[in-house]
Structure formats: C-alpha cells, structure tokens
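FYI, our numbering numbers position 76 of the sequence shown as 76, with every residue one higher than the one before it.
There's no promise every hint is true.
[Unchecked claim] List of simulated lysine-lysine pairs, DSS-like, C-alpha gap at most 30 angstroms:
hint, residue 1, residue 2
1, Lys138, Lys35
2, Lys49, Lys35
3, Lys9, Lys138
4, Lys49, Lys92
5, Lys9, Lys35
6, Lys130, Lys92
7, Lys92, Lys138
8, Lys49, Lys138
Hints were generated in silico from the structure; no laboratory data involved.
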Amino acid sequence: MAAYLDIFKRLFITDNQPPFFSGIRSSVRVKQAEKRHFADPSLACALLKATPAGLLGDLETLGFLFEALCERDLRIYAESFGAHLYHYQDYKNQEIDAVIELPDGQWCAFEIKLGANQIDAAAENLLEIKRQIEADPKGRPPAVLCVLCGMAHAAYQRPDGVFVVPVTALRE
1 MAAYLDIFKR LFITDNQPPF FSGIRSSVRV KQAEKRHFAD PSLACALLKA
51 TPAGLLGDLE TLGFLFEALC ERDLRIYAES FGAHLYHYQD YKNQEIDAVI
101 ELPDGQWCAF EIKLGANQID AAAENLLEIK RQIEADPKGR PPAVLCVLCG
151 MAHAAYQRPD GVFVVPVTAL RE
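Please construct the entire structure, taking both the sequences and the accompanying hints into account.
See the structure below:
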C-alpha cells in the first residue's frame, strides 16, 4: 500500500496535508497522521462518476469535494508567500480543516463550509479550540480564526472576532 501511495504522490495524483502542532512543549496531544487528498478534486469526481445533478443531491459529498478544493487553493496561496498548509486534529477529535503557518510562526485557523447555515457551528468550533490552546501555558493560539464559506456573499468579522470569508474572495 505504501508503495502505491508513494507512486501517486510522485505522479502528482495525491497531495498529502501534514498535521499541525501548535507548540513543541504543549500538553495538547495532536494526531500525527497526514490528511490525503487528490491533487485535483475533479479526479475524485471522475472516479465517482459524479455529475452536477448528482452532487446537488448529495450535499455531504459535495461538501467534502468543496473542502478539498479550498484546501488546494489555500495551499497554493500560502506557498506563494512562504507559508505552509496543515490540518489539525487532537485526541478529543476536535479538528480544524486547514491551518496556515506563516514564516514568523504565527498561524491562522480555517474551517471550510459549503453552506452559510454552518457558519455559527464552525466559528464556535474554532473558538473552543482556541480557548483550549490558550489554557495551556505552553500553547500557541491562532492569530486569526476564519470560516471560509461557499455561500457567503461578503467578507465580514463577527462580534466574537471570527472572520467569515466567501471562497470567491480567495483570489483577492
């Protein structure tokens, strides 16, 4: 299996997203498994024989593909200014879809959601993880919390400090 995964990676079929660790001496235990993606989410669509109508009837699969597409774009943008893209999952099964670590060590946490009806839960997840990291004296909390949304019409900052950004704003 490892040989196949290595071949896929060398042929640029897959692109693995490494795990993020918020602090070398932090007591928060995080999972160290890479998150596997197709290099282009359209490969998954082709393998699944997914049609636009079929995906609209299966919003869960569409959400996974949307998340993979956003993570691919975030990685490209991050690398353009020397940053790196990671994912975060701890042993309490709390996760952050995407983490961008800047060259100066600061990091930004992103939840990626297709629908605007998921923004509140995504923001609360980010805030809860931030609170837990802040409670650890050796933890390094995120500098920015952001929900990247497919159905948001404008970028704004919520009263709790979480940014909500439509995916269309990534190009800006």
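Pairwise hint evaluation, Lys138 against Lys49, where the allowed Cα distance is 30 angstroms at most: It is violated: about 47 angstroms lies between the C-alpha atoms, which goes past 30 angstroms.
Given the hint that Lys9 pairs with Lys35, does the C-alpha gap stay at or below 30 angstroms? With a Cα-Cα distance of about 13 angstroms, the restraint between Lys9 and Lys35 holds, given a limit of 30 angstroms.
With the threshold set at 30 angstroms, check whether the alpha-carbon distance from Lys49 to Lys35 stays at or below it. 23 angstroms, holds
Are Lys9 and Lys138 close enough, with their CA atoms no more than 30 angstroms apart? 35 angstroms, violated
Quickly compare the C-alpha distance for Lys49 and Lys92 to 30 angstroms and report which way the hint goes. Not OK: Lys49 and Lys92 at ~35 angstroms, beyond 30 angstroms, violated.
Does Lys35 lie within 30 angstroms of Lys138 when you go C-alpha to C-alpha? 25 angstroms, holds
Are the Cα positions of Lys92 and Lys138 separated by 30 angstroms at most? 18 angstroms, holds
So if I understand the rule, the pair passes when the alpha-carbon distance is 30 angstroms or less; does Lys130 with Lys92 pass? 14 angstroms, holds
Consistency note: the structure conflicts with the earlier hints numbered 3, 4 and 8.
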